[in-house]
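Asker: Each chain, letter by letter, is given below.
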Amino acid sequence: MNSPMSHGPALNVVGLRKEFRVKRGGRARTLVAVDSVTIDVHPGETVALVGESGSGKSTVARCIVRLIDPTEGAVAVDGRDMVGMTRRELSRAYGDVQMVFQDPNSSLNPRMTIRQILTEPLRLHTDMDKSTRIARAAGLLSMVGLGEEHLDRYPAELSGGQRQRVGIARAIAVSPKVLLLDEPTASLDVSVRGQVLEILRQLQQQQQLAYLFISHDLDVVRRISDRVMVMYLGAIVESGPTEEIFSHPTHPYTKALLSAAPRIDPEERRERFRLEGEIPSPFDVGAGCRLDNRCPLVQPSCRAERPVLASVSPTHEVACPVVLSSERIAQAV
Amino acid sequence: MTTSLDPAVEITAPKPARLSRVAAAVLGAIRSFRSSSGTLPIGLSLLAFLVLISLVSLIWTPYPPTATGTGAFSSAPSGAHWFGTDAVGSDVFSRTISAGRTDVFYTVTAVAIALVIGSAWGALAGFFGGWFETVTLRLLEVVQAFPALLMALLVISILGPGTFNVILVVAILPLPDFVRLARAEVLTKKTWQFAEAARMVGNPPLVVLFKHLMPNSWRPLLAYASISAAWVCGNIAALGFIGVGIQPDAVEWGSMIARGESDVVAGAWWEALFPGLGVLVLAIGCQLVGDGIAARNRGEQR
Amino acid sequence: MTANEAGNLLSVRGYSGGFKTPSGFKHVLDDVSFGLRESAMTAIVGETGSGKTLLALSMMGLTASTFVKTGGSIEYAGDDISTYDDRAYRRIRGGEFAMAFQDARAALNPVISVGKQLIDACRAHQRVSVAQAREIAEEMLRKVRVPEPAQRMRQFPHEFSGGMAQRVMLALALVCQPKLLILDEPTTGLDVTIQADIMELIVDLVRSSGMTTCLITHDLGVVAETCDDVVVMYRGKVREIGPCAQILQYPEDPYTQQLLRSSRFEELSA
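Protein chains in written order, with our numbering: chain W, -7 to 325; chain U, 17 to 318; chain G, -15 to 254.
No lab work stands behind these hints: they were computed from the structure.
Glycine residues also receive a C-beta, built at the ideal position from the N, C-alpha and C atoms.
Some clues are possibly wrong.
Part of the chain G face toward chain W, derived, beta carbon under 7 Å [claimed, not checked]:
1. Gln116
2. Gly173
3. Thr177
4. Leu204
5. Gly205
6. Val206
7. Glu209
Straight line, CA to CA, 20 Å or less: simulated EDC-like cross-link-like pairs of lysine to aspartate or glutamate [said to hold, decoys possible]:
8. G:Lys221 - W:Asp181
9. W:Lys15 - U:Glu149
10. W:Lys15 - G:Glu143
11. U:Lys206 - W:Asp61
Isolated chain W, as found in the complex:
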C-alpha cells in the first residue's frame, strides 16, 4: 500500500514544450504541438486536460511518459525527474507512472491472453515468482470487477468495456502513483462508461492515485475531475477547479466549448458562444493569441502579444487580457 499523502505533487510538469520538425511544401517547418504547459497533480486528485483536436493534450501525456521526448521542460513523477533519465532508468520509472489508453480494441495485444497481459508488467518490474504473479493478476481482475475466468481468454473474446477494464488493471498492476488516462471512456458505450468511471474512482480512493485525465468529453470531465485545464493549439488557456470552470467559464474558448456541447435537459443548455471558422492549422499560429482569428472579443493588442495565464481568483487562471480586465472590473465593483 502506498504511504499516506506526501508533500509535493505526485506529478509535476513545468514549462513542457514539444516541437516537431515537419516538411511542408518542400521547406522544413516547426510545429509547436505543446507550448509551455505547467501542471501539478497531487495524490488522490484528478486533473483533467480538455481540448479538441490539435490541442496537444495527447502529446502532453506522451511527453510525460517519454513515449515522445519533450523539446523542453521538466517532468517529475513522485519527485523524480523523468526527462533526464536513461532508457533503463525509464523502464524502472514506469513502475510509478502508467498510462491507460483510449482504444480498447488496439491497446491489448490480440495474441496474448489476459493473464499474459497482466503478468507481463509484474514480470518486468517485480521479482514475484510465477504463481504469485498469477495470483496478483487474478486480484487485479477482481479490483476492476472482472472474474478469474477471463484470465485464459483473449482480448477478442471480451467486450469493449471489459477490455478497457483490463487496460486499467494492467496499468495499476505495479501500483503506480500517477495514472495518465487518455480518453479512457471515449470508445465505450454510454451504459458501460459509468462502470469504468466508478472503478477509476474507487481505485483512486483506495490507493490515493493521481490522475491526469485527458478528454474531449465535457460531461465526463465534470463528473470525475477536481481541476480542469483547457487547452487550445498547444497551450493552456484556462485552469481552475471543475465547478468554477463549468459555472463561470471565463476564456472565450472555454465558453465556446461549453456552450457547444449538446444537452439532454433544456435547463442545462447554454446560449451558444460562437467562434468563427474552424481550428486553424498549427503551422499558422501567429505571434499573438492563438484564438485571434476566431474570437469575437478580439482587440488589436491580442494579435500583437501572446497572452499568459493570469489569476482571476487564487485558484482560477485565464490567458486572456481582454476578459481579465472586464473580470477585474466586475470584481472591483
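Dock chains U and G against the given chain W, drawing on the hints supplied.
Answerer: Coordinates of chains U and G only, in the frame set by chain W:
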C-alpha cells in the same frame, strides 16, 4: 454494478475448458481446411502430394536415379520405365521423383532464409527508421534493379557452385520483398496502441518489436512466403537448366529438362516433360496456398 | 409502441433480418416497426450492436449481400421497397433517398475532385448540362456554408478538414433535393464546436426544405436538441418510440430509463 441489461455481461458467452494451445491450433487448422473452398485445399493437396512422393523416393525408386544404361536410350514410357528413359539410359521416373527432394529442399530452405532474415531486417528498419531505414531502402532498390536471373548468375560466378551457394543466391532474390513487407507491417502496427502499451509496461524496444509487433504480422508474411516460393522454385530450375551453380547432371528438375531438351526435337517428349511438370506442380501448389492464405487474411480482417 | 400510420413518408413494419455466418444464422434485427413522419426529424438511438446502422442501410437498400431479410416490410410510396432489387433501388436512391455517412473523408472518393463528385451526383438524377450541374453544385456548397465554394470545388477530399468534409457529404446528399435524408452518425468523431455547427446546419437545411430526416446516433444530447421523434433500439429490437420531449424526460421502458440514467451519470455515486 451489473444489471440484467448490462451489455458487458450479455455479450461474452461462457467458454468451454480450453485445450492446450497446440491442440486447439491444429483442430482449428483442420476445421478451416475443410471449410475453406478453392485454392487453399487444392494447393495444400498438391504440395502434400509432392512431398509424399519425394519422401517415397528416399526409400525406394524403381531404378537408381543416377544409374545409366538401365534400359534402352531415349525409350518412350512403358511398363518397365513409367516415364521412359533419357539419352544416357537413366529412368526418368526415378530421377523425377528423386529430383523432387532436391527442388523442394532448395525451395523451402531458400524461402525460409529469405523470410527470416528479410523479416527481421525489415522489422528493424521500420521500427527504428533513421539512417538504417534509408540505407536499407536504397540497398534494396539496387538489388531489385537487376533482372533476377542476371543477378543470380552474377553472384554464383563470384561465389562458385555448390548447394549452399545456390540456396543463398536464390534466397537473395525474394529477400527485398520480405524486407519491404515486414517494414510496411511494422510501420502500420507501430502506431497501434498496444505497441505503446508494451513500452509502458517496461519492455525495451527490441522486445516490443519482436515479441509484440512481429507475431501479429505473421499472416501476411506467410502468405507472401508461399507465393514467393512459387517463383523461387522456378529460379532454381532455371539455374539448373542453365547449368550454373547446379551441376549439369544433377538430379534436379532444371538439369533434367536441360538434358532432355535436345531430344525433344527428336520426338522424345517425356524426358523434359515430367521434370517440367514437377516444377509446374510445385509452383502452382505454392501459389495456390499463398493465395488461399491471403484470401483468408482478407476475410478475417473484415 | 406502434408508429403513426398517417403522415408517414416511410413505414417499417415488423422488419427482421440477419447474416449468414459460417457458424449459423445471426439475427440482427427483430420485428422492427416505426414510421418516419413526413417533414419531421426522427432519431434512431442505440448503442453498439443495436442494429441502428443496419436499419439505415436496409432503408437505403445498401445492405451487404450476406444480409438476409427474414420478415416484414419497408413501405414507401405505396410499395414495399425491401423487395426491390438493386436496379429498382437505384431509381430512388440518390434522387429521392439520400444518405450521409459517418466518416466523410473516408466516404468520399479520394481521387475525384469534390466538384466532380457533386456534378456527377447531380447529373445522375436530373437532366441537366454539365454547366448547369456545376452551378447547382456550387450553390449547394454555398448552402452548406463552405467558404469560397468555387475554389473548393476543384479540391480533393483529403484537403478538407473533418467538419468541412462532412459539409461536402451533406451537399452531396442534398444536391438532388431528396425527400428522405438519412444521416448516420454525422457528427461522431468531430470536435465539439464543429459538431454544434454541423447540427445547426442540418436543422436549418431540413426545416427550410421540409425534408423528412432520419438521424442515426448514440448521442442523446444531439437528439434532445434537434429531433422531433425518437426510436430507441437495443440488440435489434425497438424498445420505445415516441416524441423526443416525452421519451427523454419520461421514459417508460427499462432500457431507455437506464440509457438516460447513464447519460446523465445518475448511476455514479456522487
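Asker: Hints first: check each against the structure and report whether it holds.
Answerer: Hints and how they fare:
1. Gln116: 31 Å, violated
2. Gly173: With a closest approach of 10 Å, the G:Gly173 hint is violated.
3. Thr177: 5 Å, holds
4. Leu204: With Cβ-Cβ at 5 Å, under 7 Å, it holds.
5. Gly205: Status holds, d = 3 Å.
6. Val206: 5 Å, holds
7. Glu209: At 5 Å from the nearest chain W Cβ, G:Glu209 passes the 7 Å test, so the hint holds.
8. G:Lys221 - W:Asp181: 17 Å, holds
9. W:Lys15 - U:Glu149: 18 Å, holds
10. W:Lys15 - G:Glu143: 17 Å, holds
11. U:Lys206 - W:Asp61: The given pair, whose Cα atoms are some 17 Å apart, holds under the 20 Å limit.
Violation of the numbered hints given earlier is confined to hints 1, 2; the remaining hints are satisfied by the structure.
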